[in-house]
Amino acid sequence: MSGTINHIEYRCKLLARGNGRFAMTVDKALQKALGYDGGTMKVHVTMAVEEAGKETGGENSVEMSAEPSLIPCGMDTLTAVRTRQSIRSFTAEPIAIAGEMLDTILCAGMYAPSAKNKRPCHFIVVRERQIFTGLSRSNPNAAMLETAACAIIVCGDKNREGMKEFLYADCAAAGRRQLCRMCGQGSGTSGMREAAGSG
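Per UniProt numbering, the very first residue in the sequence shown carries number 1; after that it's consecutive.
FYI, nobody ran anything at the bench for these hints, they're computed from the structure.
Keep in mind it's a predicted model, so treat the numbers as computed, not measured.
Each residue gets a CB set at the ideal place from its N, CA and C atoms; glycine is no exception.
One should not assume that every hint holds.
What the hints assert, rightly or not - Lysine to aspartate or glutamate pairs mimicking DMTMM-like chemistry, simulated, CA-CA at most 20 Å apart:
no. : residue 1 : residue 2
1   : K13       : D27
2   : K42       : D27
3   : K28       : D157
4   : K158      : D37
5   : K118      : D27
6   : K13       : D103
7   : K42       : E9
8   : K164      : E194
9   : K116      : E165
10  : K13       : D157
11  : K116      : D157
12  : K28       : E9
13  : K158      : E194
14  : K32       : D157
15  : K118      : E165
16  : K164      : D37
17  : K118      : D157
18  : K32       : E9
19  : K158      : D27
20  : K13       : E100
21  : K164      : D27
Unchecked claim - The following label-pair restraints were derived from C-beta to C-beta distances:
no. : residue 1 : residue 2 : range
22  : D76       : T46       : 41 to 51 Å
23  : T77       : F166      : 23 to 33 Å
24  : K42       : G134      : 35 to 45 Å
25  : G134      : Y111      : 30 to 40 Å
26  : N6        : N117      : 22 to 32 Å
27  : G191      : G134      : 14 to 24 Å
Can you build the whole structure from these sequences, using the hints too?
This is the structure:
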């Protein structure tokens with residue numbers, strides 16, 4: 001998706017919010033260029049859908065269709081909640097967390113409830129081994145990443161939800177849904193937090 005906001009060019013991806021709704025986020029650089037100060041602002045927006053394949057998002061880029069194909073869960077919800085546990089050592093067997101499996105995990109987080117339905121959560125998918133190695137060595141809470149196939153970072157948008165208590169709760173709800181969904185499809189998971197003093 002590309003276009004202009006008040007005659008300033010932008011390029012971004014729309015985020016699926018369910019029920020055929022999509023959201024566009026405006027990063028801090030664009031907010032600054034627009035002179036946005038957090039208050040009400042009148043805007044003129046133009047949008048154009050870019051051709052498929054035109055944007056190269058790199059190895060960690062995830063494209064989700066409006067109606068992704070989801071994998072049915074082989075486990076009932078209560079069993080997934082009851083049996084989910086943190087796995088801190090993964091097998092060397094390569095697992096491709098991609099395509100329908102990844103769409104299903106991401107959708108589980110996107111469909112989580114949020115305060116006033118503001119949906120402030122965003123997800124970053126990481127699959128690069130050198131990033132895992134760096135994180136596992138610099139953060140004692142991230143040692144399990146050394147052998148992980150994939151990581152999903154849950155981010156909260158403070159511009160969308162200004163009350164940090166709600167933001168933390170919304171991100172936690174999204175992360176819990178993703179953890180249970182991964183358990184339901186047989187993937188080992190573990191939550192982690194940033195290193196002490198880094199945030």
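Okay, the hints, checked on the actual structure:
Straight-line distance between C-alpha atoms of K13 and D27 comes to about 12 Å, which keeps the hinted pair within the 20 Å bound. Of the pairs offered as hints, the one joining K42 and D27 holds, with about 17 Å between alpha carbons and a cut-off of 20 Å not exceeded. Using a Cα cut-off of 20 Å, the hinted pair K28 and D157 holds, with the two alpha carbons roughly 11 Å apart. Among the hinted pairs, K158 with D37 is consistent with the structure: their alpha-carbon atoms are about 13 Å apart, no more than 20 Å.
Between K118 and D27 the alpha-carbon distance is near 17 Å, which keeps this suggested pair within the 20 Å criterion. For the proposed pair K13 and D103, the alpha carbon gap of about 15 Å is at most 20 Å, so the pair holds. With a C-alpha separation of about 16 Å, the suggested pair K42 and E9 falls inside the 20 Å cut-off, and the hint holds. Of the supplied pair hints, the one linking K164 and E194 holds, its CA atoms being roughly 17 Å apart against a limit of 20 Å.
Between K116 and E165 the alpha-carbon distance is near 13 Å, which keeps this suggested pair within the 20 Å criterion. For the given pair, K13 sits about 16 Å from D157 by alpha-carbon distance, which is consistent with the 20 Å threshold. A C-alpha spacing of about 14 Å is found between K116 and D157, which places the hinted pair at or below 20 Å, so the restraint holds. Of the pairs offered as hints, the one joining K28 and E9 holds, with about 14 Å between alpha carbons and a cut-off of 20 Å not exceeded.
For the suggested pair K158 and E194, the alpha carbons sit about 18 Å apart, so the restraint of at most 20 Å is met. Proposed proximity of K32 and D157 is supported: the alpha carbons are some 16 Å apart, at most 20 Å. With a CA separation close to 14 Å, the supplied pair K118 and E165 stays within the 20 Å bound. A distance of roughly 19 Å separates the Cα atoms of K164 and D37; the hinted pair therefore holds under the 20 Å criterion.
Between K118 and D157 the alpha-carbon distance is near 10 Å, which keeps this suggested pair within the 20 Å criterion. Between K32 and E9, the direct Cα distance comes to roughly 13 Å. Compliance with the 20 Å bound is thereby established for this hinted pair. With a CA separation close to 11 Å, the supplied pair K158 and D27 stays within the 20 Å bound. Of the supplied pair hints, the one linking K13 and E100 holds, its CA atoms being roughly 19 Å apart against a limit of 20 Å.
Between K164 and D27 the CA atoms are separated by roughly 19 Å; this keeps the pair inside 20 Å, and the hint holds. The supplied range of 41 to 51 Å is met by D76 and T46, whose beta-carbon atoms lie about 47 Å from each other. A beta carbon spacing of about 24 Å between T77 and F166 agrees with the range 23 to 33 Å that was offered as a hint. In this structure the hint that K42 and G134 lie 35 to 45 Å apart at CB holds, the actual value being about 44 Å.
Roughly 32 Å separates the CB atoms of G134 and Y111, a value that falls within the hinted 30 to 40 Å. For the hinted restraint 22 to 32 Å between N6 and N117, the CB-CB distance of approximately 27 Å keeps it satisfied. Judged by the Cβ atoms, the range 14 to 24 Å given for G191 and G134 holds: they are separated by roughly 19 Å.
Of the hints listed earlier, there is not a single one the structure fails to meet.
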